[in-house]
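Residue numbers (my numbering), protein chains in the order written: chain R, 1 to 175; chain A, 176 to 350; chain L, 351 to 525.
Watch out, some of these pointers could steer you wrong.
Result set (DSBU-like, lysine-lysine): computed pairs, CA atoms no more than 35 Å apart in a straight line [stated by the list, open to error]:
(1) K522(L) / K61(R)
(2) K349(A) / K172(R)
(3) K411(L) / K347(A)
(4) K349(A) / K522(L)
(5) K411(L) / K522(L)
(6) K61(R) / K172(R)
(7) K524(L) / K174(R)
(8) K349(A) / K411(L)
(9) K61(R) / K524(L)
(10) K347(A) / K236(A)
(11) K61(R) / K236(A)
(12) K411(L) / K174(R)
(13) K524(L) / K347(A)
(14) K347(A) / K174(R)
(15) K61(R) / K349(A)
(16) K349(A) / K174(R)
(17) K411(L) / K61(R)
(18) K411(L) / K524(L)
(19) K236(A) / K349(A)
(20) K347(A) / K61(R)
(21) K236(A) / K522(L)
(22) K411(L) / K172(R)
(23) K174(R) / K61(R)
(24) K349(A) / K524(L)
These are computed hints drawn from the structure, not numbers from a lab.
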Amino acid sequence: MTIPNAGPVLVLGGARSGKSSFAERLVEASGLAMHYVATGRAYDEEMRDRIARHQAARQGKGWTTHEEPVELSGLLRSLDSPGRAILVDCLTLWVTNLMMEGRDMAAEFAALAALLPGMQARLIFVSNEVGLGIVPENRMARDFRDHAGRLHQIVAENSAEVYFVAAGLPLKMKG
Amino acid sequence: MTIPNAGPVLVLGGARSGKSSFAERLVEASGLAMHYVATGRAYDEEMRDRIARHQAARQGKGWTTHEEPVELSGLLRSLDSPGRAILVDCLTLWVTNLMMEGRDMAAEFAALAALLPGMQARLIFVSNEVGLGIVPENRMARDFRDHAGRLHQIVAENSAEVYFVAAGLPLKMKG
Amino acid sequence: MTIPNAGPVLVLGGARSGKSSFAERLVEASGLAMHYVATGRAYDEEMRDRIARHQAARQGKGWTTHEEPVELSGLLRSLDSPGRAILVDCLTLWVTNLMMEGRDMAAEFAALAALLPGMQARLIFVSNEVGLGIVPENRMARDFRDHAGRLHQIVAENSAEVYFVAAGLPLKMKG
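Starting from the given sequences, assemble the full structure and let the hints guide the process.
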């Protein structure tokens with residue numbers, strides 16, 4: 001279980017699939033300086049609880065945590081350095097935040113894609129696969145899953161390895 | 176990347192998974208005469224936009240497009256000819272249209288299944304996997320995903336190759 | 351197609367994916383005494399119809415059926431015996447019933463996990479993957495898919511083989 005140096009790793013999975021744990025184990029086994037980028041915003045108590053539980057689980061293992069709901073590409077650029085592994089958890093929350101801010105999604109995705117090939121740090125992206133249920137009735141949810149799907153394709157195309165995680169088990173889709 | 180001559184290809188995937196692009200690339204690499212069967216009905220502007228975008232993407236590449244929301248088996252029979260590849264996009268929209276018309280779903284699926292072994296054209300079916308979310312609250316959505324799931328099993332059983340596409344990456348399930 | 355003796359088999363899949371049929375075929379090919387544990391409760395006519403259809407499909411093939419919506423671990427312990435195959439269909443309905451009864455989910459899952467390594471019967475668990483759609487709007491549905499996801503990870507970790515079934519086709523994730 002190693003992180004490739006040929007490009008990012010994308011870890012896709014459903015809710016409670018074990019995707020974040022898998023990604024964290026990848027980084028923890030790498031021997032690199034461990035940076036965690038949390039894109040989630042705590043809108044309510046449920047969310048705050050989840051974030052706190054995740055942080056507690058990483059605590060004491062040597063992770064440096066960064067919170068950035070929107071300016072992900074800028075943060076990745078500023079953190080870039082060889083010898084670092086940067087885990088972004090997760091892309092779908094970033095998509096949600098970009099939509100809330102009314103950003104130009106295609107431009108944001110293109111900026112991230114443009115950044116990836118030149119990064120010296122190892123990047124691991126975690127994201128929720130959300131497109132395998134019934135078509136949602138509300139337009140915003142439909143737009144969200146369209147944006148998420150497009151972003152997954154863009155990141156996967158620029159990644160060295162892509163995993164699909166279910167029941168805690170990683171299935172390699174690429175690499 | 177070739178189309179087998181032993182039977183149809185089924186390409187399953189979620190929303191914005193890249194399943195249609197993958198299927199189109201399969202056909203475009205085949206050297207066969209390219210026929211596109213669109214089963215979608217434009218109920219609203221959002222849908223019309225999507226259909227128009229998809230048609231524009233195929234334009235100029237030599238595809239012949241056919242629109243048939245309901246009488247899929249009849250159209251396939253009339254188009255059958257060696258040297259042709261027929262891409263059906265997508266089965267889930269056909270299921271929706273059959274339900275709207277109050278058709279006998281089992282009979283429609285059986286008619287399609289009966290047609291497949293004798294076809295001389297190469298067939299590529301695209302469909303949405305919709306059964307991996309929470310059970311929908313409304314009965315029609317539950318019926319829809321039951322019908323879609325049954326149809327996928329029937330078509331997969333009669334196919335030479337089945338792919339599951341996520342993040343633009345095809346995973347071979349059969350063949 | 352054989353059942354391993356190194357531990358349980360977990361069969362995950364979406365609605366109408368063919369997961370139950372695949373699990374039943376596994377057991378029917380095993381030559382073992384066949385026990386079927388139905389965890390579903392018939393809340394309405396739709397559900398009663400489904401249960402009856404499933405029972406009819408097993409009828410005459412030599413299955414012994416047990417219905418147990420809640421006390422799954424106790425039933426499995428009481429049925430344990432070498433030479434038996436026990437198919438549990440399905441874990442997600444058990445999760446639903448535990449939630450309805452206000453049980454301590456973590457304790458129930460831990461009790462099941464503790465039971466698995468010592469079982470002499472071959473166990474086959476069927477469950478719905480429900481975490482690959484849009485985040486549900488209601489809290490109970492979110493809790494449900496969190497519980498289901500956690501249980502899948504626990505059972506997968508204690509299983510010798512894990513399959514993901516789509517369109518009737520099993521994809522081996524573990525074993």
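Verification of the supplied hints:
For the hint pairing K522(L) with K61(R), the CA-to-CA distance comes to about 33 Å; that is within 35 Å, so the pair holds. Restraint check for K349(A) and K172(R): satisfied, since their Cα atoms lie roughly 17 Å apart, inside the 35 Å limit. Pair hint K411(L) plus K347(A) holds up; C-alpha atoms about 33 Å apart against a cutoff of 35 Å. Pair hint K349(A) plus K522(L) holds up; C-alpha atoms about 12 Å apart against a cutoff of 35 Å.
Only pairs whose Cα atoms come within 35 Å are accepted, and K411(L) paired with K522(L) is accepted, the gap being roughly 26 Å. Between K61(R) and K172(R), the direct Cα distance comes to roughly 27 Å. Compliance with the 35 Å bound is thereby established for this hinted pair. Among the hinted pairs, K524(L) with K174(R) is consistent with the structure: their alpha-carbon atoms are about 18 Å apart, no more than 35 Å. Between K349(A) and K411(L) the alpha-carbon distance is near 28 Å, which keeps this suggested pair within the 35 Å criterion.
With a C-alpha separation of about 28 Å, the suggested pair K61(R) and K524(L) falls inside the 35 Å cut-off, and the hint holds. Pair hint K347(A) plus K236(A) holds up; C-alpha atoms about 27 Å apart against a cutoff of 35 Å. The suggested pairing of K61(R) with K236(A) is violated, with an alpha-carbon distance near 54 Å, which exceeds 35 Å. Between the alpha carbons of K411(L) and K174(R) the distance comes to roughly 42 Å, so the proposed pair goes past 35 Å and is violated.
In summary, the hint linking K524(L) to K347(A) is supported, as the alpha carbons are separated by about 17 Å, within the 35 Å threshold. For the given pair, K347(A) sits about 12 Å from K174(R) by alpha-carbon distance, which is consistent with the 35 Å threshold. For a cut-off of 35 Å, the pair hint linking K61(R) to K349(A) is broken: about 42 Å separates their Cα positions. Restraint check for K349(A) and K174(R): satisfied, since their Cα atoms lie roughly 18 Å apart, inside the 35 Å limit.
Using a Cα cut-off of 35 Å, the hinted pair K411(L) and K61(R) is violated, with the two alpha carbons roughly 54 Å apart. Proposed proximity of K411(L) and K524(L) is supported: the alpha carbons are some 29 Å apart, at most 35 Å. Taking the CA atoms of K236(A) and K349(A), the gap is near 29 Å; set against the 35 Å cutoff, the hint holds. Taking the CA atoms of K347(A) and K61(R), the gap is near 38 Å; set against the 35 Å cutoff, the hint is violated.
Taking the CA atoms of K236(A) and K522(L), the gap is near 38 Å; set against the 35 Å cutoff, the hint is violated. Pair hint K411(L) plus K172(R) does not hold up; C-alpha atoms about 38 Å apart against a cutoff of 35 Å. In summary, the hint linking K174(R) to K61(R) is supported, as the alpha carbons are separated by about 29 Å, within the 35 Å threshold. Between K349(A) and K524(L), the direct Cα distance comes to roughly 18 Å. Compliance with the 35 Å bound is thereby established for this hinted pair.
Violated hints, listed in ascending order, are 11, 12, 15, 17, 20, 21, 22; each of the other numbered hints is respected by the structure.
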